[in-house]
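If you're matching them up, the sequences are chains A and B in order.
The opening position of the first sequence corresponds to residue 1 in UniProt numbering, with each subsequent residue numbered one higher.
The opening position of the second sequence corresponds to residue 1 in UniProt numbering, with each subsequent residue numbered one higher.
Among chain B residues calculated to face chain A with C-beta under 7 Å, some are:
#	residue
1	Arg158
2	Ala161
3	Glu186
4	Glu216
Quick look at which bits of chain B chain A covers, simulated, 3 or more residues with Cβ under 8 Å:
#	segment
5	190-200
6	276-284
Source of the hints: derived by calculation from the structure; they are not laboratory data.
Bear in mind the structure is a predicted one, so any value in this text is a computation, not a measurement.
Quick reminder that beta carbons are idealized off the backbone N, C-alpha and C, glycines included.
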Amino acid sequence: MKGSCMLGERTREAVLEQEFLPLRARILEIAAGLDRLDRAVADGDDGGRRDRLENAIQLLLADEPSRAARIQLLFSRDYDEDWRTRFEL
Amino acid sequence: MPSPFSRGACSASAAQVPLVSGRVGVASWFAGQRSFFIAGNCTGVYYIDPHIHMVSRTTDDYETLAKMGCVALSEPAFWAGYDRGSVDGFRDYFEQLTTFEPKRASWYGIQHFTWLCINAKEAENVALARDVIAMIPEFLDRPGVLGIGEIGLNKNTRNEATVFLEHIELAVKTNEQILIHTPHLEDKYQGTRMILDMLTGDGRLDRNRVLVDHVEEHTVGLVLEQGFWAGMTLYPVSKCTPQRAADMVEMYGPERLLVNSAGDWGPSKPTAVPDFILEMRKRGHPESLIKRVVYDNPLTFFGQSRGFRFNPPV
Ligand SMILES: [Zn+2]
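Next comes chain A alone, as it looks inside the complex (with noise of 0.2 Å):
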């Protein structure tokens, strides 16, 4: 894993010692989960959450550190700097 200091101490062999099978697992239940969701009869807007859901598991496909936090970024409402003012705080 990219940006990490203290887990260069372990090799990949270790990491994934303990983590390749919970990984796929939770791979398997988000295939399942969008299975589940395409069974399901579409009814009007669904305010933009499939859209990120799958542009979420985009991120998981790019070659760059930080992926948890961009996920998190990408569920996350924007921040406004001017809020004070909007707020007139």
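Chain B with the ligand: place on chain A using the hints.
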């Protein structure tokens, strides 16, 4: 603009426990700690939970925490699941936090500390919030009171921000430490940025005496690089897990980082800190690093409160 992804170089030392698949490190560690386990402590280390709502938990939970090695905890004032109707409702709550809870904790050898405020959800009622803020000083000199908290934002509204600033005013005037709740899910990033704006905009605050809680991957760096303490809250569902908390320690180092369970009346796990300890151990991290995060760091932060008197386990 500060980046949510960066912080200076990690300062923690490398793992010292030999580890191949996780088991070797754990097994050798367990062998060296037999006497401790025989004494009845399931985790093998003493720890402090810096954020847990024990009024919502049973006496059996205190017993379980004690068996897991919990020797102290701190309980911020929070939302009871319904809006209280009057300032007297809060007075009674503060009475419970400063009298009965410390007593109940003491039955199991756990030292109980607390933080007082009106939480962000009820702060939407600004008139009531002002009455509560005016009443808080009645309790600030009681034993075990560590400061003002958990104040913060919930839906990031104008009223919440107004009451947050008035709490800060009280903390500055009374020289109290501050414990801060950041919002959850889609509101967290925006709310954390707003909170940091308010904190950094007040030159009177000592940043080393402010803990910003419930940080996750996209907010932890923002909080730490501004010089505040950061708390990672472990939840059984939907939010931060022990594994992700261990990742953040690996990426940012242990300085000014805390781990808590935030156990309350909702789905939560009061023994989440031992889950973190186990995860760190499975990864082969040294006991010194684990102790730093779950014991030394809370002591360092709490130790800056005038209401903190701690008797270490002998
Ligand atoms: Zn809380």
